[in-house]
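Colleague: Line by line, the protein sequences give chains A and B.
Each residue of the first sequence is one higher than the last, beginning at 22 in our numbering.
Each residue of the second sequence is one higher than the last, beginning at 22 in our numbering.
Simulated from the structure, these hints should not be mistaken for lab results.
Each hint should be verified, as a subset may be incorrect.
Keeping only pairs whose Cα atoms sit at most 25 Å apart, straight-line, the calculated PhoX-like set for lysine-lysine is [said to hold, decoys possible]:
1. B:K144 / B:K91
2. B:K44 / B:K70
3. B:K141 / A:K141
4. B:K91 / A:K152
5. A:K108 / A:K157
6. A:K157 / A:K44
7. B:K82 / A:K70
8. A:K108 / B:K141
9. B:K100 / A:K141
10. B:K91 / A:K141
11. B:K144 / A:K108
12. A:K70 / B:K91
13. B:K108 / B:K144
Residue strings, one per chain:
2 protein chains.
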Amino acid sequence: MKPTPQYRSDCPINYALETFGDKWSLLIIRDLIFQGKKNYGEFLNAEEKISTNILANRLEKLELEGLISKSSDPDNHAKKVYRLSSKGIDLLPMLIEMMAWSAQYDQHTGCPVEFSNQLKADKQSLIAQLKQQLIKS
Amino acid sequence: MKPTPQYRSDCPINYALETFGDKWSLLIIRDLIFQGKKNYGEFLNAEEKISTNILANRLEKLELEGLISKSSDPDNHAKKVYRLSSKGIDLLPMLIEMMAWSAQYDQHTGCPVEFSNQLKADKQSLIAQLKQQLIKS
DNA sequence: CCCTTTACTTGCATTATGCAAGTGCTATAA
DNA sequence: TTATAGCACTTGCATAATGCAAGTAAAGGG
């Protein structure tokens, strides 16, 4: 698969949409950021049940876009480890705003109350705190 | 068209993705927020060239999700006016973060330098200012 | 009454997605 | 050394979404 040969426009919103604007990419990013997932099988087991060919395709695209990197697990060469790049980590503020919006408007949101409260109380330090954890890991 | 009968999960990220997670919906929201567009033909003329059946479908979905409303132009009953609801306006912080991310990582971004600077300098007041304009209009 | 504008619909080809089954590599056990 | 199992994908095929071009319907103006 090639990186998208050219973009529909040079609009920043459009760049974001062409990079991760489908129904699955951000769920993988979410699992990397908030669930500490690292391996193919872990992504496959997410509640939303992505199918295996789509997962493979999205991991490849995300790597090509530079949002994640892929390496082998030192303890098991067959096992692969996916990690966020700084470009991927920097999606955190946007994801936080997305979660805040959904928590506000989705009656059935599963967003934990404590998380939602921290969002309202001090969004910036929440972001900083999560970002630190991601950089360390 | 029905609203999605049920969601893949109750995750807030997933709610957002199922609500506007495709390659077109947010471009319509963008045009409403940043370009002051209001009518079918204006959306159709966006640089990215959405096709007419998809535009009709997305406008319907966005209305069903409560992000926009549709009414008739008082001066011309054949002409329709689309407006953002408060649920739609509240996507602004997320869009701003998305733009900031793209402006940072897309070499060819068309994000105006002045806008980008204001983003870095004082994101909150930029959001507040834009939101005021939207509410008034 | 005709013509234009505006907002869609419709039909059909192409592309993306979903699902089930299969392949290949690695490590561990017999 | 062979067998077995885990993990990361591929492949084939059915279904759904998208893109493109053309057509339709209602309102307003002349």
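Colleague: Would you list, in rising numerical order, the hints stated earlier that this structure does not obey?
Modeller: Those not satisfied are hints 1, 4, 6, 9, 10 and 12.
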